[in-house]
Amino acid sequence: MREITYRDALKEGLREEMRRDERVFLLGEDIAEFGGTYKVTQGLLEEFGPARVRNTPISEAAIAGAALGAALAGMRPVGEIMYIDFSTIALDQIANQIAKVRYMFGGKAKASLVIRTQGGAGRSSAAQHAQSLEAWYAHVPGLKVVMPSTPYDVKGLIKSSIRDDDPVIFIEHKLLYNEKGSVPEEEYLIPIGEGDIKREGKDVTIVATSRMVLRSLRAAEMLAREGIDAEVIDPRTLVPLDEEMILQSVKKTGKLVIVHEACKRLGYGAEIAAIVSEKAFYDLDAPIKRVAAANSPVPFAPKLENFVIPDEQAIIKGVRELFG
Amino acid sequence: MIPRERLIDVYEKMARIRSFEEKAVELFLKGVLPGFLHSSIGQEAVSVGACMALRDDDYMISTHRGHGDIIAKGAKTDRMMAELFAKKTGYCKGKGGSMHIADLDLGILGATGIVGGGLPIANGAALACQLKGGDQVCLSFFGDGASNTGSFHEALNLASVWKLPVIFTCQNNLYAESTPQRVHQNICDIAARGGGYGIPEMCVDGNDVIAVYDAVSAAVERARKRGGPALIECKTYRWFGHYVGDPGTLYRTKEEVEEWKKRDPIKLYRENLVALGAFGEEDIEEINRRVEKEIEEAVAFAQGSPDPDLEDALEDIYVGRYIP
Chain A
7 MREITYRDAL KEGLREEMRR DERVFLLGED IAEFGGTYKV TQGLLEEFGP
57 ARVRNTPISE AAIAGAALGA ALAGMRPVGE IMYIDFSTIA LDQIANQIAK
107 VRYMFGGKAK ASLVIRTQGG AGRSSAAQHA QSLEAWYAHV PGLKVVMPST
157 PYDVKGLIKS SIRDDDPVIF IEHKLLYNEK GSVPEEEYLI PIGEGDIKRE
207 GKDVTIVATS RMVLRSLRAA EMLAREGIDA EVIDPRTLVP LDEEMILQSV
257 KKTGKLVIVH EACKRLGYGA EIAAIVSEKA FYDLDAPIKR VAAANSPVPF
307 APKLENFVIP DEQAIIKGVR ELFG
Chain B
7 MIPRERLIDV YEKMARIRSF EEKAVELFLK GVLPGFLHSS IGQEAVSVGA
57 CMALRDDDYM ISTHRGHGDI IAKGAKTDRM MAELFAKKTG YCKGKGGSMH
107 IADLDLGILG ATGIVGGGLP IANGAALACQ LKGGDQVCLS FFGDGASNTG
157 SFHEALNLAS VWKLPVIFTC QNNLYAESTP QRVHQNICDI AARGGGYGIP
207 EMCVDGNDVI AVYDAVSAAV ERARKRGGPA LIECKTYRWF GHYVGDPGTL
257 YRTKEEVEEW KKRDPIKLYR ENLVALGAFG EEDIEEINRR VEKEIEEAVA
307 FAQGSPDPDL EDALEDIYVG RYIP
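If you're matching them up, the sequences are chains A and B in order.
Per my numbering: the first sequence ends with 330, consecutive numbering throughout.
Per my numbering: the second sequence ends with 330, consecutive numbering throughout.
Note that these hints are calculated values from the structure, not bench results.
Hints may be right or wrong, so weigh each one.
As the list claims (entries may be wrong) - Think about it this way: if two alpha-carbon atoms lie no more than 25 angstroms apart in a straight line, the pair counts; the simulated DMTMM-like pairs of lysine to aspartate or glutamate are:
id, chain 1, residue 1, chain 2, residue 2
1, B, Lys94, B, Asp318
2, A, Lys114, B, Asp318
3, A, Lys116, B, Asp63
4, B, Lys169, A, Glu39
5, B, Lys169, A, Glu249
6, A, Lys116, B, Asp111
7, B, Lys138, A, Asp27
8, A, Lys116, B, Asp62
9, A, Lys114, B, Glu28
10, B, Lys169, A, Glu35
11, A, Lys116, B, Glu292
12, B, Lys138, A, Glu28
13, A, Lys114, B, Glu321
14, A, Lys257, A, Glu227
15, A, Lys116, B, Asp141
16, B, Lys138, A, Asp171
17, A, Lys114, B, Glu292
18, B, Lys273, B, Glu261
19, A, Lys116, B, Glu317
20, B, Lys169, A, Glu22
21, A, Lys116, B, Asp318
22, B, Lys94, B, Glu28
23, B, Lys267, B, Glu292
24, A, Lys114, B, Asp62
25, B, Lys138, A, Glu39
26, A, Lys208, A, Glu249
27, A, Lys116, B, Asp315
28, A, Lys114, B, Asp111
29, A, Lys165, B, Glu303
30, B, Lys138, A, Glu22
31, B, Lys138, A, Glu52
32, A, Lys114, B, Glu261
Chain A on its own, in the form it takes in the complex:
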């Protein structure tokens, strides 16, 4: 199978959906001629024109609000917020409007839209361009939250997100865009709410998201050399969450390590830990371990950034602790 980058897989997904459904259009900052800060939309202006690939002013609330209004009037917009850090400017529109209209209006409205954004550290982008805010959105009923880690997943999930009748917060990672992986030529979709076992194992379950999936897989290979066979699960979507996949894995391994790049305190790992405690406590033979970023802003200095964000060694250390 051919190998393409996360960026190109994502772009293919967008292009296919725009070709399939003329209600789909893109709006965001610098997405047209410039092709987006991470070049995801490069070339789409040429194919679809300025009406459907729309540059906006630097106005995140206006982007999210326009996406919602257009959705209410029957379109299927994909709004891009350049950095998830900037989505805070759009938080009223996302949390109070987009997430709520269907419920507040008694089920009459549909906010069928996608907000694409990217987060994560690793490029010395400092505290306002490198956050992982997925838990904020996962906390708001009415939103779906999708966070793919591979080229295959990002393509299948962007297509499903665009077709989904509910609003989807689609969170990419700035350091995944250049990652390559197998993506079939033929069309496929990935259902929202299905996790994926990225590596089968029997001794410990590692649930990881986004870029931490890659690091967890590398950590698992290193652990294998010392005789620990780790299963790595990528939930791929946080809301809805494939609970069953995680619970089944924990039943098999008896041990759970959760890895994410967001701060540990009230990160999504806390939710997974709580679910497993409630539903699979007696399957556990060790405490649940969370490997996550320190509860600090993301520092600028590469040395400090590397220190607060979990790496393979931190994951390995977390796993080893469960094996006494």
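Once you have looked at the hints, place chain B on chain A.
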């Protein structure tokens, strides 16, 4: 020249709003209605004058003080009243309440309780109209307080650069909750802010329903012909406090309120109608009786309607099923 039946329709709509609002206030003070209530009494001419300039297939988005706007766009008073009573037969099945009444079939994109939150959404609906190639428009109501939010400024700028068919209609009732306009902004005419965004602006007497109609009509006609957005400020006054229960006396003088009551928009219009000779007092009284009867029936409908079922609480969060 406005045809005779339209003239009387304008009166009837204003009378319907007044009657609905008076009844809602009465019921609220009796403790029959849950939550809180923002009365639009005194502002009827803005709601009716503006909505009269719209077609049925145009969009409108309102605010927390939205009953008048929604009635003016054609919403049914019985289903509105049922919503205020938190009944299953209400527009939002009892899940939205006074501040969030929507009827997508009538182009009413709801009402948002977040001051300023509606303007970016109006842009999106207007964008959908533009992309679909029709000549529909979207009208966004908001108050003087909203003109200080980031949403207002982001939305005006985006509407301008995209030449969106959106009519920003400011109901300047001189107070942002309890804060007088002279305290919350250093300008008299909010309309002047249109110029800063290259948007045509107009300032009208918001208690003169025909003046509002004329101004909004001109803006709507221009927008239908791809002329872009407009900002129309309608100077008016709310007779009650910010919410029912706020006497409005801590920040306004009795004399000021009485002066504005002398300029009751319904009384002014009624006097004009009679002076025109087109209608007699008896015609007007007949309308008043009809409207009062309609509102009594709306109350009876609401009171006779079932409460929501408990399981309704978990429906309509998503188009798809509840996500636990």
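query = Going straight from one Cα to the other, do lysine 116/A and aspartate 62/B come out at no more than 25 angstroms?
reply = 20 angstroms, holds
ask   = Within a Cα-Cα threshold of 25 angstroms, do lysine 116/A and glutamate 292/B meet the stated pairing?
value = At roughly 41 angstroms apart (the allowed maximum being 25 angstroms), glutamate 292/B and lysine 116/A break the hint.
request  = For the pair we were handed, lysine 116/A and aspartate 141/B, check the Cα-Cα distance against 25 angstroms.
outcome  = 23 angstroms, holds
task = Measure nothing beyond the straight line between the CA atoms of lysine 114/A and aspartate 62/B; if it is 25 angstroms or shorter, mark the hint as holding.
result = Holds, at about 18 angstroms.
ask   = Keeping to a limit of 25 angstroms between CA atoms, is the pair of lysine 114/A and aspartate 318/B held or broken?
value = With a Cα-Cα distance of about 14 angstroms, the restraint between lysine 114/A and aspartate 318/B holds, given a limit of 25 angstroms.
query = Hey, lysine 116/A versus aspartate 111/B, does the alpha-carbon distance stay inside 25 angstroms?
reply = 13 angstroms, holds
task = Take a quick look at whether lysine 169/B and glutamate 35/A sit within 25 angstroms of each other, Cα to Cα.
result = 18 angstroms, holds
inquiry  = Between the alpha carbons of lysine 273/B and glutamate 261/B, is the straight-line distance 25 angstroms or under?
reply    = 19 angstroms, holds
inquiry  = Tell me if the straight-line CA distance from lysine 169/B to glutamate 39/A falls inside 25 angstroms.
reply    = Given that 25 angstroms is the threshold and the Cα spacing comes to 20 angstroms, the pair holds.
message = Check the hint pairing lysine 114/A with glutamate 292/B against an upper bound of 25 angstroms on the C-alpha distance.
response = Not satisfied, since the Cα-Cα distance of roughly 36 angstroms exceeds 25 angstroms.
message = Hint check: lysine 114/A vs glutamate 261/B, CA-CA at most 25 angstroms. Holds or violated?
response = Status violated; Cα separation ~44 angstroms.
inquiry  = Would the hint linking lysine 169/B and glutamate 249/A be met if the CA-CA limit is 25 angstroms?
reply    = 47 angstroms, violated
The earlier numbered hints that this structure contradicts are 5, 9, 11, 17, 20, 29 and 32.
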